[in-house]
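Sequence order for the protein chains is G and S. With the first letter of the first sequence counted as 1, position 107 gets the number 107 in the UniProt record's numbering; the numbers rise by one all the way through. With the first letter of the second sequence counted as 1, position 310 gets the number 310 in the UniProt record's numbering; the numbers rise by one all the way through.
Keep in mind that the hints are not guaranteed to be accurate.
Unchecked claim - With a Cα cut of at most 30 Å, we get these calculated DSS-like pairs of lysine-lysine:
| # | chain 1 | residue 1 | chain 2 | residue 2 |
| --- | --- | --- | --- | --- |
| 1 | S | Lys398 | G | Lys297 |
| 2 | S | Lys359 | G | Lys176 |
| 3 | S | Lys412 | S | Lys359 |
| 4 | G | Lys297 | S | Lys359 |
| 5 | G | Lys297 | S | Lys412 |
| 6 | G | Lys53 | S | Lys131 |
| 7 | S | Lys95 | G | Lys297 |
Honestly, the hints are just simulated from the structure, not real lab data. All of these numbers come straight from a predicted model, not from anything done at the bench.
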Amino acid sequence: MLRYLLNKIVLVLPTLIGITICAFAFVRLLPGDPILAMAGEHGVSPARYEELKEQFGYNLPIWQQYAHYVRDAATGNFGVSISSKRPVIEDFMTLFPATIELSVFALIFAMVLGIPAGIFAAVKRGSWFDQGLMGTALVGYSMPIFWWGLLLIIFFSGYLGWTPVSGRIGLQFFFKPITGFMTIDTLLYGKWDAFRSALSHLVLPAVVLGTIPLAVIARQTRSAMLEVLGEDYVRTARAKGLSSTRVIGVHALRNALIPVVTTIGLQVGALLAGAILTETIFAWPGIGKWMVDSIFKRDYVVVQSGLLLIALIVMAVNLIVDVLYAVINPRIRAA
Amino acid sequence: MKKKLTFAAALLAASVLGGVANAKTLVYCSEASPANFDPGTTTGGNDFDASSRTVYSRLVEFKHGGTEVVPGLADKWEISDDGLVYTFHLHPGVKFQTTDFFKPTRDFNADDVVFSFDRQFNKENPWNGEKYLPNLTWDYYTGMDMPKYVAKWEKVDDLTVKLTLTEPNAPMLANLGMDFASIVSKEYADQLEKDGKMADFSTKPIGTGPFQFVDYQLDSVIRYAANPDYFKGKEKIDDLVFAITPDATARIQKVLAGECDIAPYPNPADIGMIKANNDVTLMDQAGLNIGYMSYNTTIPPLDKPEVRHALNQAIDRESLIKSLFQDAGATPAVNLIPPTMWSWDKDVKSDAYDPEAAKKVLADAGLKEIQLWASDRVRPYNPNFARAAELIQADWAKVGVKAEIVNYEWTKYREEGKKKDRPGAFQIGWTGDNGDPDNFFATLFACSAIGVSNYSSWCDKDFEDLIQKAKKTSDQAERTKLYEEAQVVFQKQAPAFLLAHSQVYAVVRKNVSGFMMDPLGIHRFDGVDKAE
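Only chain G is shown next, with the shape it has when bound in the complex (with noise of 0.2 Å):
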């Protein structure tokens, strides 16, 4: 199991590598000078111009830039934001739980509707209710996210006013964070209130970012059933005389859900991808829309150290699904 472990590690290596010089790289494919940008339709004069790059390091040739910010990033230090002026982990860090708590959110709604849809089609598999469900999936699949959220936005708190527009929780609630997770923190200060109103902040942007994982886990879940009811055991089962639901939820179900947490696991990129747009049309205080912002302000190092923090945390939560998946799977380790 260890050396399965170390073997997993030393792989991720050449993989943060790339990282670290395509996050580097992007930001300065991307057009537009980020000293120009600062000074807006002002323009700055050439002597003042040169002045700010050396200010700012942009001076140094480019390997000596990068050279610079893998030894930074390497200790720790993720620079200071050219715009704010404040420290780039501490402001992902005053973020990064808003992120968690809707993608949370939009995973336990992806879960809870996806693994019974998806056990429900397999075993109807070919009615009308299967047929519908993966055509459903396929178009919640492709559905541009922008669109969706702001449909549902002006369907939902528009026209019929059941769900608050944007923004995390109402703004008569006002207390200090104590975990940064909304709905705990409402919790621990006793404010039930205060936790119905972050909840209902909750429920759109979870949906909108929940759509895609839900259609991916619905076929995911179905063709993994599928599957798995072909199996000699569960033809076993069911000769036993075991009722259909024992034989669907215990013997066939268990089996199926080994490549459904891998899917699940797999998800937390495609959340974080979708927080970026999720989180700009809800107002909500995130590090998508942070990140965003950054990019329209050429902020060059909260947009590279942004990144780089991101990606360590899909490496990390995929290295994780990795051991689990050897947890759960034996057979894994030993190959």
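Put chain S on the given structure of chain G with help from the hints.
Just chain S now, kept in the frame of chain G:
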């Protein structure tokens, strides 16, 4: 039963903790998070709305809803006859805000004024550089040429400050009403320096303005309370909340749903829907901006004014504006400055659309081909350079001029465009800073701006004499006359095709009163009230 009682008690506790029931709260859905709360260090309109216009005040202010300079922290001022010395008499008894992070022990005085400016240019001042915040650039202070014009700031006594200039510069007074000129507390700065918490100066602001800072949840909500000691009297609303909402559609939905009271910058596509709604009012005003297209006046045949006039006449400006701005609308530009600005000359007439006349002049001048520049960026004064280029290209084709569209990314675009020998017609625009005509005329068409922001490379002696004289005169009536003459010269010489001044919008709920659109593009909440 017991369980029910506990639940009721919890609800009661929650409602008590939830805030004072009768406080009047105004919610503003702002478009972006502020970079920080020190207006000397930031440049965005959203930064200024959240700091300088709420927390701070300045020596002079702009009249609410206009560009005229009126007294602020200075009750009155004198300008010496040579235009070099400004003496400001400060309002007595002004208090800096008292909050849980700062308790002032003295009133606002001349030391605060001197410190507010000194920190922006004096390298010896500990607040000028790294010790305070990393990578400080003081963009507006340098951008408005303050280092060039300011010789020194002096304290005469506690309530008198003297500013000496290096040369006469009438727009200086308007500069002092700008956001970067907000007056900060020296006592607060000293205290933070002593405590080793200098960075707090940019995150927990203290000023003399109408509202005091309470809390900022990063990228989400900013809270202010009315400043009880405000020297112009406490505001009618008790709490001011900024709900940061970047998406324009979500912002408007929030106003319609009553989640916020005021929101700026609706999508042009939503204008019709907003107008039809009975709960909200759509407020608009011609923005302090101009979209235009500069001809390089040094390259033949564009060096001849009649050729430039002919190119202007060939453009169907009305259709162009309609197609570009759609429902949002825009005011066709007659002069370089917008009609909301003092000295705007109402007698000047634009070139009328007359392709037949244009065709002849252009054929005589032998103009067959021209470069027409466009960029990818959406600007307030031109939402779509590329679309505008295509339409102008089609209009010019009708008069026998083939336009080749040159396209660059925005920063590269301006870099290439400002070069003295850049050929052809270059689409650009400007958003004013301080409401002074000099900020348009001299910034965009002074001889000294060639190669910087004079994209026409136009240096006309008559025009130059007029605007330089106006810059050195402090008498407003005299300046108005000079600028009116300058506008006549500009129209005669036509160094550029003037497109439009775009409209700026805000959506306001019907129960809100006292909110005014501001030509400077800022959002102010002093004087605003809300009926329950």
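*If you check each hint against the structure, which ones fail?*
1, 2, 3, 4 and 7
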